[in-house]
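*Asks:* Chains as they are written, first to last, in our numbering: chain A, 56 to 845; chain B, 824 to 983.
Since the hints were made in silico from the structure, they are not lab data.
Do not take every clue at face value.
Claimed, not checked - Covered stretches of chain A, going by a simulated chain B footprint (3 or more residues, C-beta under 8 Å): (1) 67–78; (2) 84–95; (3) 189–199; (4) 433–447; (5) 538–548; (6) 765–776.
Claimed, not checked - Residues of chain A clear of chain B, computed beta-carbon distances all greater than 10 Å: (7) HIS203; (8) GLU242; (9) ILE248; (10) ALA273; (11) TYR311; (12) GLU566; (13) VAL649; (14) GLY659; (15) GLY660; (16) GLU661; (17) ASP685; (18) ILE707; (19) GLU779.
Stated by the list, open to error - Simulated restraints, written as ranges between beta carbons of each label pair: (20) LEU120/A <-> THR838/B: 29 to 35 Å; (21) LYS894/B <-> ASP486/A: 53 to 59 Å; (22) SER826/B <-> GLN118/A: 28 to 34 Å; (23) ASN943/B <-> GLY503/A: 32 to 38 Å; (24) THR251/A <-> ASN943/B: 50 to 56 Å; (25) ALA273/A <-> ALA947/B: 57 to 63 Å.
The beta carbon of each residue, even a glycine, is placed where N, CA and C say it ideally should be.
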Amino acid sequence: MNNPTEEFSVVGKNVIREEGPGKVTGFGKYAIDIEFPRMLWAKVKRSTRPHAKILNVDISRAQALPGVHAVVVDKDCPQTLFGFGCYDEPLLARDKVRYIGEPVAAVAADSEAIAEMACDLIEVDYEDLPAIFDPWEAFGANPKTLIHENQANYRRVPIGPVQYDAKHPNAFGYYRIRTGEVSKGFEEADAIIEKTYSNAMMAHATMERHNCISHWGADDNITVWSSSQAAYPLLNQISEALDVPHSRIRVIIPKYVGGGFGGKIEMKAEGLCAVLSRAAGYRPIKIIYTREESLCWAGVQHPFEMRIKSGVRKDGVITACEMFVLVNGGAYAQHGFLVTRQASYGPLGSYRFPHFKLDNYVVYTNNPPGVAYRGFGNTQIHFALESHIDELAHAIGMDTYEIRRRNVLHENEINAAGEIQHSVAGAELLDEIKSGLERHGPLERVDGPWRRGRGIAFANKDSVAPSASSAIVKIHNDETVEIRHSAGNIGQGSSTTLIQIAAEFFKVTPERVRTAEVDTWVTPYDQLTGSSRLTFAAGNAVLMACEDVKRQVLKMASELMQATPEELELADMNVFVRDNPARLMRVRDLFRTVFFTGSFLPAGGELLGKATFTVPSSKIDPETGHAANDGLRKIFSFCTRAAQAVEVAVNIETGQVKLEKIAIANDLGKAINPMSCEGQMHAAISMGLGQAISEELQISEGSILNGDFSSYRFLTAKDAPSNEYVSTHIVEIPQFDGPYQAKGFSEATTSPTAPAIANAIFDAVGVRLRHMPMTPERVLEALDQLNTEN
Amino acid sequence: MRSHIALQINGRRHTSEIEPNTLLLDFLRWEVGLTGTKEGCGEGVCGSCTVDVDGELVRSCLTLAVQVAGKSVTTIEGMANGEKLHPLQRKFLEHGAVQCGFCSPGLIVTANALLAANPNPSEAEVRDALRGNFCRCTGYVKIIEAVLAAASEMRSNAHE
Numbered sequence: 056m057n058n059p060t061e062e063f064s065v066v067g068k069n070v071i072r073e074e075g076p077g078k079v080t081g082f083g084k085y086a087i088d089i090e091f092p093r094m095l096w097a098k099v100k101r102s103t104r105p106h107a108k109i110l111n112v113d114i115s116r117a118q119a120l121p122g123v124h125a126v127v128v129d130k131d132c133p134q135t136l137f138g139f140g141c142y143d144e145p146l147l148a149r150d151k152v153r154y155i156g157e158p159v160a161a162v163a164a165d166s167e168a169i170a171e172m173a174c175d176l177i178e179v180d181y182e183d184l185p186a187i188f189d190p191w192e193a194f195g196a197n198p199k200t201l202i203h204e205n206q207a208n209y210r211r212v213p214i215g216p217v218q219y220d221a222k223h224p225n226a227f228g229y230y231r232i233r234t235g236e237v238s239k240g241f242e243e244a245d246a247i248i249e250k251t252y253s254n255a256m257m258a259h260a261t262m263e264r265h266n267c268i269s270h271w272g273a274d275d276n277i278t279v280w281s282s283s284q285a286a287y288p289l290l291n292q293i294s295e296a297l298d299v300p301h302s303r304i305r306v307i308i309p310k311y312v313g314g315g316f317g318g319k320i321e322m323k324a325e326g327l328c329a330v331l332s333r334a335a336g337y338r339p340i341k342i343i344y345t346r347e348e349s350l351c352w353a354g355v356q357h358p359f360e361m362r363i364k365s366g367v368r369k370d371g372v373i374t375a376c377e378m379f380v381l382v383n384g385g386a387y388a389q390h391g392f393l394v395t396r397q398a399s400y401g402p403l404g405s406y407r408f409p410h411f412k413l414d415n416y417v418v419y420t421n422n423p424p425g426v427a428y429r430g431f432g433n434t435q436i437h438f439a440l441e442s443h444i445d446e447l448a449h450a451i452g453m454d455t456y457e458i459r460r461r462n463v464l465h466e467n468e469i470n471a472a473g474e475i476q477h478s479v480a481g482a483e484l485l486d487e488i489k490s491g492l493e494r495h496g497p498l499e500r501v502d503g504p505w506r507r508g509r510g511i512a513f514a515n516k517d518s519v520a521p522s523a524s525s526a527i528v529k530i531h532n533d534e535t536v537e538i539r540h541s542a543g544n545i546g547q548g549s550s551t552t553l554i555q556i557a558a559e560f561f562k563v564t565p566e567r568v569r570t571a572e573v574d575t576w577v578t579p580y581d582q583l584t585g586s587s588r589l590t591f592a593a594g595n596a597v598l599m600a601c602e603d604v605k606r607q608v609l610k611m612a613s614e615l616m617q618a619t620p621e622e623l624e625l626a627d628m629n630v631f632v633r634d635n636p637a638r639l640m641r642v643r644d645l646f647r648t649v650f651f652t653g654s655f656l657p658a659g660g661e662l663l664g665k666a667t668f669t670v671p672s673s674k675i676d677p678e679t680g681h682a683a684n685d686g687l688r689k690i691f692s693f694c695t696r697a698a699q700a701v702e703v704a705v706n707i708e709t710g711q712v713k714l715e716k717i718a719i720a721n722d723l724g725k726a727i728n729p730m731s732c733e734g735q736m737h738a739a740i741s742m743g744l745g746q747a748i749s750e751e752l753q754i755s756e757g758s759i760l761n762g763d764f765s766s767y768r769f770l771t772a773k774d775a776p777s778n779e780y781v782s783t784h785i786v787e788i789p790q791f792d793g794p795y796q797a798k799g800f801s802e803a804t805t806s807p808t809a810p811a812i813a814n815a816i817f818d819a820v821g822v823r824l825r826h827m828p829m830t831p832e833r834v835l836e837a838l839d840q841l842n843t844e845n
Numbered sequence: 824m825r826s827h828i829a830l831q832i833n834g835r836r837h838t839s840e841i842e843p844n845t846l847l848l849d850f851l852r853w854e855v856g857l858t859g860t861k862e863g864c865g866e867g868v869c870g871s872c873t874v875d876v877d878g879e880l881v882r883s884c885l886t887l888a889v890q891v892a893g894k895s896v897t898t899i900e901g902m903a904n905g906e907k908l909h910p911l912q913r914k915f916l917e918h919g920a921v922q923c924g925f926c927s928p929g930l931i932v933t934a935n936a937l938l939a940a941n942p943n944p945s946e947a948e949v950r951d952a953l954r955g956n957f958c959r960c961t962g963y964v965k966i967i968e969a970v971l972a973a974a975s976e977m978r979s980n981a982h983e
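Only chain A is shown next, with the shape it has when bound in the complex (with noise of 0.2 Å):
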């Protein structure tokens, strides 16, 4: 079946995505617009301190405001900790503050305006504790505060070096690479550049906010309704904080979720929820988190410092490359080690890196915990490596295109972890960058206040494993097929990329497909929406489970047709004798028909194909990161790489920048719907511009400053290139155990756009800005510097 020379009926097609009438025409169910009778409203009370001990709340006040109806503190929480591989969490605040914005206390009420009411009259006794925000304070042997002076026994997964070092009480997480001799490739450069790079906090902005229903049943049952994008890691976070065994907790998330971008994977009010719930008679509870709690309290990105030492020769070829990374988590673990992870392992990807160094710690502060945001900290890694390319490509005096085609990766080439390398883009994505930007003719360099200039930029992603997707597939007696999986379809169109792959297997249309509610009742386990991964993982599960009941289709209809399976075929719902077409049934006769009550199946109950799709990945050596030589030599699923080009104009006089030409190339395999994978490529022109010159959540002592869209810096229409000035490349490498050789590449959309105007900017004006967002200000100040200097 993945036979590339296949002419394909559905796959590769722009389907139109199957819940799009839904959002059209406004009749889609979010979970935001769900309700239910009795049901209550909630909010949380949160701190106000970065770092507190809680001496006393007081709740009397707002247990005897009328219509109110439960009002829970920590000592009314299961006595846990959840997490995200280090579990250090608890649902309210416990004996302390970590951060401005940490849940407290919570209110169930009649209203929302009610349960406001009530957590202003809930109040609490800080003592106020010292607190670090600056990471680098609480990288230090002997911190001037612990944030988690219980964390050498917290518990944790597993994964790479121990997480835990005395020498760095504060850091929870730390991953090294080391291949070669640094200090051997340095002596082979003929230029070395050291320098360090950084970036803000910024808010995956969901345009829907983070919202739920829980209701804990008067059967002891739990069902959360919640607008997450990742039912099971969400299962498994209510369980862990409940102490509530799996198979009582049923997550169900509607077909229609606003937006995730890795901001709505760990568990948020659902667990809290349930606990008011119960405490509030079994009555179903209601939170939406306003803007500012969605943006500021729900997960942020991780604010980076990225340290870079390289050696490059004349010839271009990088001889050696060390990297100190400090990644500032926040408050709470969360995601915030297997972001480390995977930004530390990023870079290798992309290029060949003779003698290797990298380490990367991820440190808690008493800022707002960071989450996993759209790359895995990839964004941070690639703006650092490849502005930092840029400038070892000057310091030589090569072509920006040149220094990346010398050093991009092969096929099958082992990079500097010891991983095989697949379905590697390299040239073929410059190429189609450069074609895409040079079609509009050369740059006009012009006086005047606008500047313009041109940069580009490259970058991988690798999609995590071990993975795991399980699919359930279905056919009806009206020979419509239905899958059930646990894929969150966030606004990336799974669904259909899902129903195109069905449909493409039965040779049906793809109205012939449909997907069910991800509900755990009902859809089987899917490991995370994220990184990339449910083309790849959730599609190869989907396929298999179409063989499955392909399988079961073709025997029942070999009793019936005087035919072994083998010699049967199924198309479009017929199956018939491969070397005599005309002797075939409809899958339809394979159900019986008693009187009024329906059909069923004779034997088996339903015509239902099941399937598990697992990635394994090779042994970790911790020391020094690498893969073992076991055969596989895998860490990764799959990687993904994207290039973009761009011409930026800069105002010399305001410090403005404005995008306005971009070439965007990625490589995903195969594009099941090249419209959908268009889509998320122009994420660059959206969350990638916004990353690189205007969002960023301003924080001062732990307390953010803008947390609302009148002051967070997001994006319009106006601030895009006219369509004229985009051009958007899809580059197909085949992944050769993808479905039909497709792999995901969403994440990688947004990495190249941040480097790529800061690498432009150098071009317009000369000067370098290693920190993004680039605001005016920002490139006002370098401006001036660069005055000063000249």
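Assemble the complex: chain A is given as a structure, and chain B must be docked to it using the hints.
*Replies:* For chain B alone, kept in the frame of chain A given last:
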């Protein structure tokens, strides 16, 4: 003290008794049950809650329901003609202008007002009209395409 309110919503008369401080957004979503109108920011910035009141675009999160008494409100649910999608709705689907879809209702209502005032807008005019509607997913490329395509189709329909 509840206020009586009577108005037209998507062409049908509607009467209710509501608290006078009820926002139009909450009235539509929780009293009337029309949840297609979305709340993104609650402060009139993101445009997700845009509805049409007597031909004017209104941020329903900044408007009290009683302010639109006696007026005619069109929400996203009133855009289609029965089963038949409005050309803007169809073009949004055909051009892949919908991703998470949360901003789509506000965008479609806003674009509809633009096309009523200016049936043949340039790309720059479309960008101007939509600048108050945030979209986190699309980069606006396909939204602009869809609006221009719908405009073109609506012009040819008008000539038939």
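*Asks:* It remains to establish, for every hint, whether it holds in the given structure.
*Replies:* These are the hints, each one checked on the structure:
Coverage of the region 67–78 of chain A by chain B holds [criterion: at least 3 residues with CB-CB distance below 8 Å; count 8]. By the rule of at least three residues with a Cβ nearer than 8 Å to a Cβ of chain B, the coverage given for the region 84–95 of chain A holds, with 5 such residues. For the region 189–199 of chain A, the assignment as covered by chain B is violated, since 0 residues bring a beta-carbon within under 8 Å of that chain's beta-carbons and 3 are needed. Only residues whose beta carbon comes within less than 8 Å of a beta carbon in chain B count, and the region 433–447 of chain A has 0; fewer than three means the coverage is violated.
A stretch counts as covered by a chain when three or more of its residues have a beta carbon under 8 Å from one of that chain; for the region 538–548 of chain A and chain B the count is 4, and the coverage holds. Counting residues of the region 765–776 of chain A whose beta carbon lies closer than 8 Å to any beta carbon of chain B gives 6, which reaches the threshold of three, so the coverage claim holds. The Cβ of HIS203/A sits about 33 Å from the closest Cβ of chain B, beyond the 10 Å cut-off, so the non-interface label holds. With a cut of 10 Å on Cβ distances, GLU242/A stays outside the contact zone with chain B, its closest approach being about 45 Å.
The claim that ILE248/A is not at the interface with chain B holds, since no C-beta of that chain comes within 10 Å of its own (minimum 33 Å). The Cβ of ALA273/A lies farther than 10 Å from every Cβ of chain B, with a closest approach of about 26 Å, so its non-interface assignment holds. For TYR311/A, the non-interface assignment is contradicted: its Cβ lies about 6 Å from the closest Cβ of chain B, within the 10 Å cut-off. The non-interface label for GLU566/A is consistent with chain B: the shortest C-beta to C-beta separation is roughly 13 Å, beyond 10 Å.
At the 10 Å boundary, the C-beta of VAL649/A stays outside the reach of chain B, the nearest C-beta of that chain being 35 Å off. GLY659/A, annotated as away from the interface, keeps every beta carbon of chain B farther than 10 Å; the closest lies near 38 Å. Every beta carbon of chain B lies more than 10 Å from that of GLY660/A, the smallest distance being close to 36 Å; the non-interface claim holds. Listed as a non-interface residue, GLU661/A keeps its Cβ farther than 10 Å from every Cβ of chain B; the least gap is roughly 32 Å.
Annotated as non-interface, ASP685/A keeps its C-beta farther than 10 Å from every C-beta of chain B; the closest such distance is 40 Å. With a minimum CB-CB distance of about 25 Å to chain B, ILE707/A clears the 10 Å threshold, and the non-interface call stands. A beta-carbon of chain B comes within 10 Å of the beta-carbon of GLU779/A; the shortest separation is about 8 Å. Range check, LEU120/A to THR838/B: Cβ separation about 32 Å, and the 29 to 35 Å hint holds.
Checking the proposed 53 to 59 Å range against LYS894/B and ASP486/A shows it holds: the Cβ atoms sit about 57 Å from each other. The beta-carbon spacing between SER826/B and GLN118/A, approximately 32 Å, falls within the hinted interval of 28 to 34 Å. About 33 Å separates the C-beta atoms of ASN943/B and GLY503/A, a value consistent with the hinted range of 32 to 38 Å. A hinted range of 50 to 56 Å holds for the C-beta pair THR251/A and ASN943/B, which are about 52 Å apart.
Distance hint check: the CB atoms of ALA273/A and ALA947/B are about 59 Å apart, consistent with the given range 57 to 63 Å.
Consistency note: the structure conflicts with the earlier hints numbered 3, 4, 11, 19.
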